[in-house]
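As they're listed, the protein sequences go chains A and B. Quick note on the working numbering: the first sequence kicks off at 4 and runs consecutively. Quick note on the working numbering: the second sequence kicks off at 15 and runs consecutively.
Hint data in this document are derived by calculation from the structure and do not stem from the laboratory. Any given hint might turn out to be false.
[Stated by the list, open to error] DSS-like, lysine-lysine: derived pairs with alpha carbons at most 27 angstroms apart:
(1) B:296 with A:86
(2) A:121 with B:173
(3) B:57 with A:147
(4) A:147 with B:323
(5) B:33 with A:26
(6) A:66 with B:53
(7) B:53 with A:147
(8) B:290 with A:144
(9) B:180 with A:66
(10) A:144 with B:235
(11) B:349 with B:33
(12) A:121 with A:147
(13) A:26 with B:180
(14) B:290 with B:323
(15) B:323 with B:296
(16) B:235 with B:180
(17) B:33 with A:144
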Amino acid sequence: MTNDQLKEKINGWISGLEFPENKQYLEIVVPAESLLKLARLLRETPETAFDYLFCLSGVDYGKQLGVVYHLESTTHNHALVLKVKTDDRVNPNFDTVCGLWRTAEWHEREVFDLLGIKFNNHPDMRRLFLDDEWVGYPLRKDYKDDINIIER
Amino acid sequence: MGPQHPSTHGVLRFELCLKGETVKYIIPHCGYIHRGIEKMCEKITYQQIIHLTDRFDYLSAHMNNEAVCLAVENALEVEVPERVKYIRTILAELNRIASHQLWWCAFGMDLGALTTFFYGLRDREYILDIFEESFGSRLLHSFNYPGGLMHDIHPDFQKKVKEFIKYFRKKLPEYDQLLTGNIIFQQRAIGMGYMSKEDAISYGVTGPSGRGSGFKCDVRKHHPYSAYSKVDFKEILYTEGDTFARYKARIDEMWESMNIIEQLIDNIPAGDFTAKMKPIIKLPVGDYFQRVETARGELGCYIVSDGNKNPLRVKFRTPNFSNLFVINKIASGNKIADLVAISGSLDLVIPDIDR
């Protein structure tokens, strides 16, 4: 499907989504409560069939925290980007998508480890790289480590 | 098993649940090499990032750098000269051959065939010598640069590469004779560690490991960059999905890489080795994604820019990170000795898992 057809299809499922300008991929900003519903529809509808999650990244935008999903379909060869953001920096949480793409299980643990975003219903929500006693989330913009990070 | 075990080739720890010698469940532990490259990238300029990306998958250092360079060039809409595209492609394929040679020799060694180790390292020297002559460094050559290359190739480069191809075309069948047809090797590889195509896609297993299961994931073919659209090559696919299929996929890829180099080496266009760039690179506000095919699979470089001279966030989607996670799925139920063969067939480079 072309980007316009995808846009039409997605608007038919969930109304009121934002489609920001992106030269490379079709981009969708989805509210946290619709994330799992949209992800499941994208994965399971035969015309879209986004079966390959090729990147899952956590981003600290300064005020907001967000997670970015890069999706591709191996049968139709189309790709899109899902973005979900939250203002809650104390207890940010989104629904997990690891039931749809298994690779998300590790990528979500990485996001939790480095940015502190929790994923609801994740089977194994632990730190991945750092040890369990580590305090803070290193990829947050407000993370302070006076010993190991030298500011210049 | 691990953190330092001879068959993991680095600091990787598997927590194994065993019944006798049979592996019931595997929990991989990573995080022993946490260098915080993504955090460091937020503090430095785009040119400086090149010197860090070498270091995660140090056996495909060239392709790692290429991802960052292409992402920056695409964001700035800079067109690099044809010469740069050709040289980058040749170097990427040389790097891929060197990486597969090292994998082949170490994989043989894991299974007890020490001769392979000497053969592989011997032939890899030829490529490293070519690299040393052109960039002064054998492994971590930060040769790619946003906008082109650091400097031009050595005048002997083409001659040396052609000599190597001639030499290696004779040696590669020797690799085949030594391992592929070996009945002991076959018994340890055929039917071991089965991964279905659906699993490969769902777990995001790319590169020769994914293509051994029939997952069409060759970025060079499906999203061509540099000079890959100008050359004629096959995407290696096997459908068996076992250790032997992943092994065969890499052997075939070495042949295919040599084909690619031969199509390009005599046709490198004359001209500049770098495009005109400003000394300080600032990317426009937005996010940029670049996919390249390293020796182990798909590498994604995701840059979020807020318009400054350093990025707001850089995320590297490294192939080994996704490839490792499938180990429990494909290796549980086998013996510990087969776990060595199966994890070897995934060709893990540990710093790429952790960064």
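Worksheet item: Holds or violated: are the alpha carbons of residue 144 (chain A) and residue 235 (chain B) at most 27 angstroms from each other?
Response: violated, 38 angstroms
Worksheet item: Does the alpha-carbon distance linking residue 66 (chain A) and residue 53 (chain B) stay inside the 27 angstroms limit?
Response: holds, 18 angstroms
Worksheet entry | 27 angstroms limit on alpha-carbon distance, applied to hinted pair residue 147 (chain A) and residue 323 (chain B) | holds, 22 angstroms
Practice prompt. Take a quick look at whether residue 33 (chain B) and residue 144 (chain A) sit within 27 angstroms of each other, Cα to Cα.
Written response: violated, 46 angstroms
Worksheet item: Taking 27 angstroms as the top limit, are the C-alpha atoms of residue 33 (chain B) and residue 26 (chain A) close enough?
Response: Distance ~53 angstroms between residue 33 (chain B) and residue 26 (chain A) Cα, so the pair is violated.
Worksheet entry | Given hint residue 180 (chain B) paired with residue 235 (chain B) - CA-CA distance at most 27 angstroms | Holds, because 26 angstroms separates the two Cα atoms, which is no more than 27 angstroms.
Fill in: Straight-line alpha-carbon gap residue 323 (chain B) to residue 296 (chain B), limit 27 angstroms
holds, 5 angstroms
Fill in: Proposed proximity, residue 147 (chain A) with residue 121 (chain A) (alpha carbon, max 27 angstroms)
holds, 21 angstroms
Fill in: Given hint residue 147 (chain A) paired with residue 57 (chain B) - CA-CA distance at most 27 angstroms
holds, 14 angstroms
Item to complete: Given the hint that residue 290 (chain B) pairs with residue 323 (chain B), test it: the Cα-Cα distance must not exceed 27 angstroms.
Response: holds, 18 angstroms
Worksheet item: Straight-line Cα separation of residue 180 (chain B) and residue 66 (chain A) no greater than 27 angstroms?
Response: Not OK: residue 180 (chain B) and residue 66 (chain A) at ~58 angstroms, beyond 27 angstroms, violated.
Discussion item. Residue 349 (chain B) and residue 33 (chain B) were given as a pair; does the straight-line alpha-carbon distance stay at or below 27 angstroms?
Written reply: holds, 10 angstroms
The structure is inconsistent with the numbered hints 2, 5, 8, 9, 10, 13, 17, although it conforms to all the rest.
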